[in-house]
Amino acid sequence: MRFMAFAFKNLFRRPLRTGLTITGVALAVAVAVSLIGFNIGYRQSIDVSIDKLGFQVMIMAKGCPYEAATMMLKGGTGLVYLPSSTYDKVRSDPDISAITPIFVGVAEKEGSGISDESASSFAIISGIEVESFVSMKPWMTMSQSAGHQGGRWFADEATGEVVLGFEVAEYEQRKVGDSYYMSITPYGQTEPVMSEFKVAGILERTGTQDDGTVFMPIGLARSLFNRPTELTIVGFKLKNFSGFALRQFEQRWAQLPEVQVVGLQQVKTTLVSLVETAQTMIASVAVVAIIVAIIGVINSIMMSVFERTGEIGIMKAIGASKSDIFQIIWLETMAICLGGGIGGILLALSGTSLVEKAIQSLIDFGTRGSMVAITPQVMLVALLGSAVVGCFAGLYPAWRASSMRPVEAIREGE
Amino acid sequence: MSNNTETMVAPIISARGLKKHYQRGIETIKALDGVSLDIRAGEMVSILGPSGSGKTTLINLLSCLDAPDAGELLIAGRSVSGLVEEELVNVRQGVLGFVFQKFHLLPTLTVAENVELPLMFLRRAVDREKTLEILRQVDLENRAGHLPKELSGGQMQRVAIARALITDSKVLIADEPTGNLDKANGEAVFALFRRLVSEKNLAVIVTTHNLALGGLADRIITLEDGLVIDEHLRQ
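Just so you know, the sequences run in chain order Z and P. For the first sequence, counting from 1, position 41 maps to 46 in our numbering; every step adds exactly one. For the second sequence, counting from 1, position 41 maps to 54 in our numbering; every step adds exactly one.
FYI, nobody ran anything at the bench for these hints, they're computed from the structure. Treat each hint with caution, since some may be false.
[Claimed, not checked] In silico DSBU-like pairs for lysine-lysine, Cα to Cα no more than 35 Å straight-line:
#1 P:32 / Z:14
#2 Z:14 / P:143
#3 P:115 / Z:327
#4 P:196 / P:143
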């Protein structure tokens with residue numbers, strides 16, 4: 006028999022205690038793995054969502070950069086607008102390689118969805134200039150799945166056509182050529198005006214907020230919202246995108262009244278920093294859970310050592326050296342911690358969707374895709390962490406057991 | 014064992030003037046106060062005496078589980094005085110085998126695994142055939158796969174004896190091996206000891222309260238207050 010097999014058999018002598026101790030470690034590891042996974046996943050999610058905006062810099066009305074970012078990511082309310090003259094001024098900037106104006110508005114949906122509930126819902130409308138917009142988002146292509154064939158972008162001068170994001174079409178069960186109704190309250194009026202549109206195309210899923218957006222020509226959007234000379238955002242790509250170029254660009258255009266220049270790196274930093282406080286708190290909980298688990302492991306192994314005092318004495322009498330006893334107890338501790346580590350990883354993996362739902366219900370920054378990324382590296386780190394914890398947690402009980410004098414241990418055990 | 018053999022065979026254990034004193038408050042307990050004896054291969058020695066006479070202390074010293082305060086102890090010709098614990102482990106390994114009153118079998122291991130346990134500590138390969146042969150010698154061959162809880166007291170003690178034999182020990186040291194057994198099982202254990210002495214040329218040292226069983230040994234040593242008060246050969 007090998008020492009490892011012997012250690013395993015010892016653990017099964019008290020299956021309930023061993024199970025509870027492993028569960029304690031598993032819970033702590035699961036919390037830690039979920040936290041690290043969230044940290045990675047959230048950053049990736051922010052990166053993907055912002056990168057898929059398609060532009061590196063945007064100009065928008067002055068306000069909180071966080072609001073600006075989330076407005077772009079999830080639509081948002083309380084929209085503020087720029088004069089369209091801003092677009093005309095900025096487009097001549099020599100550092101710009103691409104530029105697109107966007108008008109964002111919110112329409113009310115009634116009666117056209119799959120649900121006949123009287124309660125209304127909202128649709129985010131993006132008024133765009135097709136050519137410049139699509140050149141910044143080349144991944145936005147028309148879906149060719151059943152009912153979506155023959156889709157196309159609308160002409161900029163079209164007055165009754167929209168392109169639906171994938172999720173809008175799915176939720177509303179619209180096909181290409183179907184009618185689509187929205188009620189829009191024009192600026193300066195109190196009563197909404199219902200309009201009928203023809204679905205010109207349905208986009209492939211992008212995993213971004215675009216999936217939940219209704220696109221229409223920018224001129225049409227401005228007209229429907231009665232804001233013929235306004236814009237929400239102007240998006241840019243710079244010829245040489247760097248911190249220096251961005252600062253220079255900012256300096257040039259920040260002088261315009263009521264305008265702010267927002268780099269998307271800044272938006273990412275802002276969004277990440279917003280959850281760092283929460284992450285610190287969760288990390289504290291994870292650290293406490295790990296400490297409690299370590300104490301639990303030490304306590305459990307110490308109890309086991311004391312219970313087996315006589316047995317340890319016998320093992321020494323029949324030939325076990327100090328290092329043999331140390332090895333046995335230490336292996337038992339390692340087995341518990343590694344078992345807990347594996348259990349914790351499995352727990353974290355199986356609970357990912359729950360954690361995501363919980364996080365998204367608490368903090369919705371409009372990011373799409375998985376917010377908890379439990380990568381192989383995270384699992385490896387968790388496993389190594391469990392092993393390190395096992396190494397240290399096992400030291401004292403193993404030392405206590407190996408230091409017992411056989412004659413006294415046998416006497417105590419009887 | 015005859016006197017002739019005693020003079021011909023070198024002792025495997027030789028003790029001279031062993032002393033072990035304990036302090037209890039201001040009182041000094043002389044558990045052993047100068048015990049000398051020789052144990053040779055092929056003899057069975059009983060150590061008798063009332064509780065507190067020093068039997069277990071003597072056994073612990075002869076087993077190298079404890080160190081004497083004074084005196085000289087040779088195991089297989091090697092002086093063990095002043096050796097540290099790890100060195101004593103080396104002396105014990107392969108020379109001394111132990112049987113205890115409470116058997117001390119590991120409950121999660123089968124009979125065969127319990128018997129083979131010392132091999133793990135000696136880093137020796139397990140030879141299941143040899144294990145079964147030893148279990149055959151103690152009449153437990155058909156119990157190899159059983160757990161200790163499935164055995165009677167007498168059977169458990171025989172497993173403990175098999176465990177002591179697996180390393181080819183030269184001396185079997187048994188401290189009150191029949192203390193937890195009924196009369197029939199006690200006699201069976203002593204009969205087994207006798208058989209091992211004659212068949213395997215082992216030296217067996219056994220402590221007991223039971224005068225009748227003790228009288229089955231080749232030599233009977235009686236202790237009282239830490240001193241040998243009588244030593245005689247079996248009639």
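Hints versus structure:
no.: 1; hint: P:32 / Z:14; in the structure: violated, 41 Å
no.: 2; hint: Z:14 / P:143; in the structure: holds, 23 Å
no.: 3; hint: P:115 / Z:327; in the structure: holds, 23 Å
no.: 4; hint: P:196 / P:143; in the structure: holds, 30 Å
Checked against the numbered hints above, the structure violates only hint 1.
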